[in-house]
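Asks: Protein chains in written order, with our numbering: chain A, 1 to 676; chain B, 1 to 317; chain C, 1 to 224; chain D, 1 to 497.
Quick caveat, the hints were computed from the structure, so don't treat them as lab data. Take these hints with a grain of salt, some might be off.
[What the hints assert, rightly or not] Some chain B residues flagged as far from chain A (calculated, every beta-carbon gap over 12 Å): (1) Val29; (2) Asp51; (3) Met183; (4) Asp206; (5) Gln265; (6) Ile284.
[Said to hold, decoys possible] With beta-carbon atoms standing in for the labels, derived distance ranges: (7) B/Phe294 with A/Glu621: 19 to 25 Å; (8) D/Lys157 with A/Ser197: 54 to 60 Å; (9) D/Ala481 with C/Glu209: 54 to 60 Å; (10) C/Glu209 with A/Phe672: 40 to 46 Å; (11) A/Ser197 with D/Ala46: 35 to 41 Å; (12) D/Gly463 with A/Ser197: 44 to 50 Å; (13) D/Leu369 with A/Glu621: 35 to 41 Å; (14) D/Arg21 with C/Val106: 54 to 60 Å; (15) B/Lys54 with A/Glu464: 41 to 47 Å; (16) C/Glu97 with A/Lys630: 49 to 55 Å; (17) A/Tyr633 with D/Ala481: 44 to 50 Å; (18) A/Phe672 with D/Cys57: 35 to 41 Å; (19) D/Leu466 with C/Phe191: 53 to 59 Å; (20) D/Phe19 with C/Val36: 54 to 60 Å.
No residue lacks a Cβ here, since even glycine has one placed at the ideal position from N, Cα and C.
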Amino acid sequence: MIAELFLSGIIVWLMGAMASLALWREPAAARRVACGAALAGSLLDLTASAAAIFSASPIAISLPFGNPVFTWAVRLDPLSAYFNLTLAALAAVVSLYSFGYLKEMEGRRNLGAFGFFYNLLLLSLALVFTASNAFFFLVAWEVMALSSFCLISFEHEKEKTRNAGVLFLIMSHAGTGLLLIAFLMLTTASGSLDFSSFHLLASRMPPLEQGAIFLLFLFGFGVKAGIVPLHIWLPEAHPVSPSNVSALMSGIVIKTGIYGMARVFFDFYGTPPIWMGTVVLGLGVASALLGVLYALMEHDLKRLLAWHSIENIGIILMGFGAALMFRALGQANLATLALIAALYHTFNHAMFKGLLFLGAGSVVQATHTRNMEKMGGLIRRMPVTALCFLLGAVAISGLPPLNGFVSEWLTYQALLAGFGTTQSLTRLMFPIAGSLLALTAALAAACFVKAFAIPFLALPRSNEAADAHEASPTMQAGMAALAVGCVTLGLGATLFVRVFDPITQQALGVSTSSALVMAHGLALSPGTIHGGTISTAGMALLFLIAGAAFALPLARRWRRRSVTGPVWDCGLPGLTADNEYTATAFSKPLRMIFSALYRPRREIQAEYEVSPHYPSAIRFESKIELTFEKRLYGPLRERIMALANRMKGIQAGSINVYLAYIFITLILLLLFVVRG
Amino acid sequence: MTGQIIGRLIESIAQLCLLLAIAPLVTGVIRALKARMQTRRGPGILQPYRDLYKLFRKGMVIPETASWIFVATPWIVFFSTVLAGLMIPMVAAEAPLGLFGGVLAVIYLLGLGRFFLALSGLDTGSSFGGLGSSREMTISALAEPAMMLAIFTVAIGAGSTSLTQIAGAAIGQNWRFLAPAQMFAFAALALVLIAETGRIPVDNPDTHLELTMIHEAMILEYSGPYLALVEWAASIKQLVLMTLLINCFWPIGLQPTWFGFGALQGIAWLLAKLLFLSCAIVLIETVNAKTRLFRVPELLAVAFTLGSLALISTFLF
Amino acid sequence: MTPFLDMQIGDRIITLMAALVLVLQIAMVSQRWIVVHIRIFAAQSFFLAMIAATIAWFNHAPHIYIAAALTLVVKVILVPILFERLVERMEIHEEIEPIVNVPLSVLISGALTLVGYVVAESFYKPGEPGLGHNALAVAISLFLIGFFTMINRRKALTQVLALLSLENGLFLAAISLTYGMPLIVELGILFDVLVAAMVLGILVYRIRETFESMDVSRLRRLRG
Amino acid sequence: MLLIALLLIPVAASVASFFVRRREAMEVANVAGFGIVFLASVALAAQVLARGAVSLCNGFFYADALSALVILLTASVALVCSTYSIGYLRDDQQSGALGDDLTSVEQLALLRMYYSLTPLLVFSMLFMAMANNLGVMWAAMEATTLASIFLVTFYGKVTSIEAAWKYAIIGGVGLSMALFGTIVTYYAGHSLPGSDALSGLNWSVLAQHAAQLDKTSMRLAFVLILLGYGTKAGLAPMHTWKPDAYSEAPVPSAAILSSALLNCALYCLIRFYILTSRCLGPEYPGRLLLLFGLLSMGISVPFILVQQNYRRLLAYHTIDHAGIMTTALGLGGVLGSLGLMLHMAFHTIAKSLLFLCAGNVSQHFRTDLFSRIKGSVIGAMPLTGVVFLMAMLAIIGMPPFSLFQSEFLIVRAAFDGGHVLTGVLFVLFGTGVFAGALLHVGGMILGPKSDAPPAGPRPWRDGSLLALAVALVVIGFWIPAPLFELIRGAARVVSGQ
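If we strip away everything but chain A, and leave its shape as in the complex, we get (with noise of 0.2 Å):
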């Protein structure tokens, strides 16, 4: 039954596919099946991971593929139908969206490829997350690479968006080269490509290979998640593509990456030495802290939320770190905790970015313009839009009552409780990189602040700003559902967390749901000896409570004691745009007190008329540098590039140099064959 569902999902959206591509001359009728099959796949898909999860045993399919030699197969296992629940729910929300959000591009786009490429992404994620052997995962993970790279450079008449596209797709080559490194020396150990063929298998090899292994993994995997330092192609690749496109890359796309890792780590690896979990959290540390430093400098606001996207990756990765700790010093309940954290907030992300990215798109459709700083007042003309970006915000900033909270809570619990588990030196780390966890959780929150405000409150800071409009009822419908998704994943914690028994069951043995809920399901425990408690639908009771006993009567009271007047302007008449705080001088004292970081560099031109002191017109531009890029990647290409080039000198168009090599080659193969 379930594997009927799923592969009916799977043949909705390879029909959807091929059907938009066939419609590619009425773009109308493109976009409309387009998107209702990869609705209805995605609902398909949906009701199929959730069954999965709790099914007794895994679901194993054979596609009608492939050659003698290779199979198409796929399995759902409770860790892949997790996954496969966050693809479809957050697939389904932006399908539901982009019925609005393509309607813009008719005509003046092929929305027949666009429906293609969108069906096949979807498709491909599905058999990512389930496919059952090394061939066929690869295979699935190329093609997504691939899809995603069409859509990415969907607008590819702008230069910067070709640029990104080819980069994100050398890159996840470069990491699929890994992967394909990787398997093939599990296969050499193991002789078959099967994944349950796989099992704790790593863990059985001489510890060099193990090493590599891991390494291969992690990095493999790591370019696709974004992990510091291999990040350099998502702030790039996530802001040109269509916003709907974004939210996917953002929301289940990168995850891909995280699904290989819990693949590897807790199928693949039985006990890992405890280097292992030591590098993975302090990559995750890195990743987190870095990427919400560089989102607080971006003013671009698609480009904003790809750096956070690094950022809560590193949240994940911290989990997942924590977890091998654990299960190196053997607290299996611990390390249970912190890959529910870790699973969580996966869940939590595909959530709320992805409703911040479909806000964005909104506000991006309206405005015309990615740049925060010619945005502003918004919250009028958009309303709904507003609101779902502000519940994105509070989400992802990690605040009580919405979901981020409930999974950094997690998180912080689980690194907490590790100080306890060990001795040796390597304790420190939890309660360090708890710290870190919480100065990322504060700066994201100072970056929303800033992302929210800039471009929804105060005066609109641009003609476009000026008159937007709301965005059309399927977009709206779209955000709401996950503004939805966002504030019931966070009171409904306690029931979620029952999800994850049969995975940490899969993959670790424990079942803890019933230890991590407490008081008949009005708070959540981390379930350690006695830890803490939270209740998010407790906190949230009690503000509704307060709220209709107390703020609205009185509210209601006091407006009629209120008159509205204009803000204190220093005497100067009249409050314009000009006014305002700028997202660039919101940041400023963090870029300044970053500034070893972000080097940033400013230029100030101002034209004077009368005096000195009564500039006419100042332009102020600041730049910041952004490391990686410039000291790591930009230097290794210059090499490569003129290694190259010098050797081109081989290929010089003189005959005779050419019959020198053969030659040469000759005389120096005859002496090998006369001495060996």
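Given the coordinates of chain A, work out where chains B, C and D should sit on it, guided by the hints.
Replies: Chains B, C and D only, in chain A's frame:
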């Protein structure tokens, strides 16, 4: 079962009243002491109550550029602060709403309030508001890791982030705070408290010079009842943090439960300790001058170092 | 006369002529005039044909006679005539200027001969009829020296000649090692050589036409 | 009988188009001839599948699965290229690309040369594939060179003559080394019974008694053969002629050279590899092949990274893939040889497709340089653009296209065989090539629409393009069972098990 719930309810209401009642008092006391230290006569310690009363009865001016965020913020700030206040042990080790969240929840609830306060600062479009929000978010972000380290140290001692557990573990061993780890953590948390409550040398609560003010700049556009709410919330937040500090590190007189005469004794102890801490704060405020904004990170770096020292010393001793 | 004696005489004769062929090859390396170059090539091919004939005589292998005859026809008569015609039509007068100067290239060809002998040694098995391994050494040396000459020449035509002399080495190897390949193979190979000579001749002609020179070291437009 | 037909029809086509007067007649002769050849080759494949190796004229002709596969691939490429070249040459004739100052008679002469040489080229390739005698095989190989030289000089440009010269000289040297190798092989077998007969050089015979061959001679022979046929296959460092020849020849001929002729050269290598590995064990030839294979792959990377001419880019891709297949051969074993054969089939399709796309582009934009292409290909001619990008992605080993499967097999073979370094280098070079190709081709195909007029209809060219494109896509998901059996049979021939 129901008995428990009712018990919790009573505790909560009691603590709620306590919070609302003595929060302005603490502010008042601090102001008065400060005046005395500066050999001014200064306002009486009940001045804050008068201010609130007056403000609540005034009308108010809503900026025409403001959106519903501006109106919603005071409520959210107030409620989240009060809710945080109900999660900490004040009189009894048993925090009334301990079930709803521990120390992390407290911090994040305060964070929620700050988030919306900053939004409202930017909502009006006045550049003062933006200035205030930007500085507030920056400083609080930098304060966060130090606070978290200190709290971790304490929580590790108690093996829990539940304040009930922490305080409970502290009960009885009244001189525990002499342990190096505790002292470092205390120092760290104290510095954070100064930063969070916007006191000299980080911020100056009673000035309206745009160069120096942070918190005041954010709420510059508020007037009447909403200003009252925000100010009240600010003083409650200050009370909460102070209580957190003293009851975690210095649990003398902390009662096991709210019921019985112990409660009164507990309240007395609480007030005494608050008074002591206020004196300390006043001392600090008077002997220091407000530092430049870009010196604040150094202060918080010190706090962070103290926090990590605390950790390491728990690790050593 | 016993076949044994014949064998020895045959060996002597063959070795002698092989040596001559080698000398001619080195002479080609040091040669400056194209026409003489062609003639030396003809002479060399003639001696090869003779070697073939001798082998055929002493080993009673009639089909080698055909090979010998064909060599005579193709390499001693047809190809040289073809090339001399070409030289006349293109009125080439300038002398060959090699890339490596003459004395050095002669030394190098000496060294290559050494290599040839070293390689041939590994084939020498005392058990076998002696006829051959000397000749093989010469063949390999011819091959290598011819190759070196190709590298060393600038003129298209001389490169072709060098290529042909290099193939002479192959021919010598074929007959001396294995008393000739199967006939049809020989025919095929010789036919190919002939066609190759013609094709290359035409190419040389067109190069001359388009570049007003035969200097192939100037053909350096296609790079990278 | 089939074999004879396969040989006679191309000759007939060649002769026919040499004597007819009108262009259409030549076109018909070519297309018809290659059509029949294709059918015959399919029939041959079927026969081989049904009854194993076919042999004729007491073993002078010999066709096992390996030959059948090579013949099939050659025939199909020839057919597609013949249909393509109709449109291609007509376009050239109208646009005056044949040479501006040519009279119609001279143009016709050029066309005649093309249409009569191409069948000869195909003929010699087929002949080589079914010749049992190694000497004859060599002769046929030399014939391919001779037949293709004047295809390279087709445009009569300065550069094309230069290219032809390098092709001829280097090819000549290479083949003489191959001949030397053949002679030594013959010598190695001269102790066998009946060696001085014609069959003494028959591969089938030698393969049977490979064990008795003289070891030292085989060592020498294999080295010479490797260098010789390696030159034709374009293995580094004997690859230098390739970019020149491929970028100067008319596109259809370049397509044939880079796909079919490469197969033929590898075919010869394979035959000798089998002999040598049976005589000396697989290590000795294996290591040498790995060396040259990896070297070729490595050398092609920098040239692809900084290439400015897309036809030369394709040429370096061919070098890269020659390296890949040589590596596969060197790895040997069941996996290696299966990977090799699959890759040969897949590469033939993809590479010829790429050249045909390049032909369309260069005829529309009148340049071979990336920098000179204004706007984007996909804007000017969507079909070509899409297919080009697709084929490029396929050739750099992107799933779901088929080449990924074969390369996966090859790398797996490397790891299974313990050649970890080989596997790692393989992946490394693969990534390098991927990056280079994507940078250039992506930039060329994608981009804003140029204001230049879009290309008109090109039924012949686009038809051939589409046919190959469909084949390329389909084969990635599903290989017809008989074809797969044929490939597997060929792999068995290589691995001997």
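Asks: Indicate, hint by hint, whether the structure satisfies it.
Replies: Tested hints:
With a closest Cβ-Cβ approach of about 27 Å to chain A, B/Val29 is found to remain outside the 12 Å limit, as its non-interface label requires. Distance check on B/Asp51: its Cβ is at least 17 Å (rounded) from any Cβ of chain A, clearing the 12 Å threshold; non-interface status holds. Once the 12 Å rule is applied to beta carbons, B/Met183 is consistent with being away from chain A; the minimum gap is 17 Å. For B/Asp206, the condition that its CB be more than 12 Å from all CB atoms of chain A holds, with the nearest at approximately 19 Å.
Look at B/Gln265: its CB is around 27 Å from the nearest CB on chain A, clear of 12 Å, so calling it non-interface holds up. Chain A leaves B/Ile284 outside its interface by the beta-carbon criterion, the shortest separation being 23 Å against a cut-off of 12 Å. Separation of B/Phe294 from A/Glu621 is about 22 Å and conforms to the stated range, judged on CB atoms against 19 to 25 Å. With their beta carbons about 58 Å apart, D/Lys157 and A/Ser197 fall inside the hinted range of 54 to 60 Å.
Taking the beta carbon of each, D/Ala481 and C/Glu209 are about 55 Å apart, inside 54 to 60 Å as hinted. At roughly 43 Å, the beta carbons of C/Glu209 and A/Phe672 sit within the given window of 40 to 46 Å. Taken as a hint, the range 35 to 41 Å holds for the pair A/Ser197 and D/Ala46, whose Cβ atoms sit roughly 38 Å apart. Taking the beta carbon of each, D/Gly463 and A/Ser197 are about 47 Å apart, inside 44 to 50 Å as hinted.
For the hinted restraint 35 to 41 Å between D/Leu369 and A/Glu621, the CB-CB distance of approximately 37 Å keeps it satisfied. Checked against the hint of 54 to 60 Å, the C-beta distance between D/Arg21 and C/Val106 comes to roughly 56 Å, which is consistent with it. The hinted range of 41 to 47 Å is satisfied by B/Lys54 and A/Glu464, whose Cβ atoms lie roughly 45 Å apart. Separated by about 53 Å at the C-beta atoms, C/Glu97 and A/Lys630 satisfy the suggested range of 49 to 55 Å.
Between A/Tyr633 and D/Ala481 the C-beta distance comes to about 47 Å, which sits within the given range of 44 to 50 Å. Between A/Phe672 and D/Cys57, the C-beta spacing of about 39 Å keeps the proposed range 35 to 41 Å intact. One distance hint, 53 to 59 Å for the beta-carbon pair D/Leu466 and C/Phe191, is violated here, with the actual separation near 42 Å. Between D/Phe19 and C/Val36 the beta carbon distance is about 43 Å. The supplied range of 54 to 60 Å is therefore violated.
Comparing the model with each earlier hint shows violations of hints 19 and 20; every other hint is respected.
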